[in-house]
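*Asks:* Sequence:
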Amino acid sequence: WYQRRVRGNSDSALISEEKLEEYQLETFFTRKEILAIYQSFEGLNPDKVREGFMSGNYGVKMDYQEVVMCSALKNSPFKDRICRVFSEDQSGNMTFSDFLDMLSVMSMQAPKDLKAAYAFKIYDFNDDGEIDRTDLEELVNRVTGFSMKTGDVDGIVDEILKECDMDDNGTLTAAEFEDIVHKSPEFSANFSIEV
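Residue numbering for the sequence shown follows this note's numbering, starting at 2 and increasing by one per position.
Think of the hints as simulated: they come from the structure by calculation, not from any bench.
Note that beta-carbon positions come from the ideal geometry of N, C-alpha and C, so glycine has one too.
There could be a bad hint or two in this list.
Label-pair restraints from in silico Cβ distances [to be verified]:
#1 N142 with S72: 23 to 29 Å
#2 L26 with E164: 37 to 43 Å
#3 Q25 with S56: 20 to 26 Å
#4 E19 with G171: 45 to 51 Å
#5 K150 with E18: 54 to 60 Å
#6 H183 with R32: 45 to 51 Å
#7 F147 with E187: 35 to 41 Å
#8 M70 with R134: 29 to 35 Å
#9 D159 with E23: 42 to 48 Å
#10 S72 with S92: 17 to 23 Å
Please put together the full structure from these sequences, using the hints given.
*Replies:* Printed below as a string of structure tokens:
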């Protein structure tokens, strides 16, 4: 079992070559990007991560409160949903693999279909498999910092449903949402996190 010592500033970590190759195959990242992401992950709780990785325990979990301190999520109005959707157990707590998956899907290299599928899950606030009026109200409120009047939010939601709800049932299915995404050239750029 060969291990590669990764150095960055004063941080160091152990990641096996095998694990590094596995991460490359499972994501849209290069080795160099994975190592840089590891440094960010380690920076959230250096002792906890180093101890786990040095012993070969790559499943060490960061608590939700630690994960949201990363610069990529800190200011996102959807950080709770993003963490919940990408954590394997939907708790919001993340392993490095969960963290890497999140950043991979939200990278510019990820295909639009994959981004759309995860965006749908993130915006389905009540986790019922469709985006309904309540989900859309929450979405608009979060995007606007909860600064709009209820009537204005309702007007925006009505317009979204009028424009996008193809079967007029008051909800957006995953297929209807994907159709919206494909008509939106800026979606991929807006649904991304810089690594």
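*Asks:* Starting from the range 17 to 23 Å, see whether the pair S72 and S92 falls in it by beta-carbon distance.
*Replies:* 22 Å, holds
*Asks:* Take a look at whether the Cβ-Cβ distance between F147 and E187 falls inside 35 to 41 Å.
*Replies:* 24 Å, violated
*Asks:* For K150 and E18, compare the CB-CB distance with the range 54 to 60 Å and indicate the outcome.
*Replies:* 57 Å, holds
*Asks:* Starting from the hint 20 to 26 Å, judge whether the C-beta atoms of Q25 and S56 obey it.
*Replies:* Hint holds: Cβ distance 22 Å, inside 20 to 26 Å.
*Asks:* Is the distance from the Cβ of D159 to the Cβ of E23 consistent with 42 to 48 Å?
*Replies:* Since D159 and E23 have Cβ atoms about 47 Å apart, the given range 42 to 48 Å holds.
*Asks:* Against the range 45 to 51 Å, how does the distance between the Cβ atoms of H183 and R32 compare: consistent or not?
*Replies:* Given a distance of about 32 Å, which is not inside 45 to 51 Å, the answer is violated.
*Asks:* Does the Cβ distance between N142 and S72 fall inside 23 to 29 Å?
*Replies:* 24 Å, holds
*Asks:* May I ask you to test the hint 37 to 43 Å on the CB atoms belonging to L26 and E164?
*Replies:* Between L26 and E164, where Cβ atoms are some 39 Å apart, the hint holds.
*Asks:* So the hint says 45 to 51 Å: do the beta-carbon atoms of E19 and G171 match that?
*Replies:* 50 Å, holds
*Asks:* Given a hinted range of 29 to 35 Å, is it respected by the beta-carbon distance of M70 and R134?
*Replies:* 33 Å, holds
Consistency note: the structure conflicts with the earlier hints numbered 6, 7.
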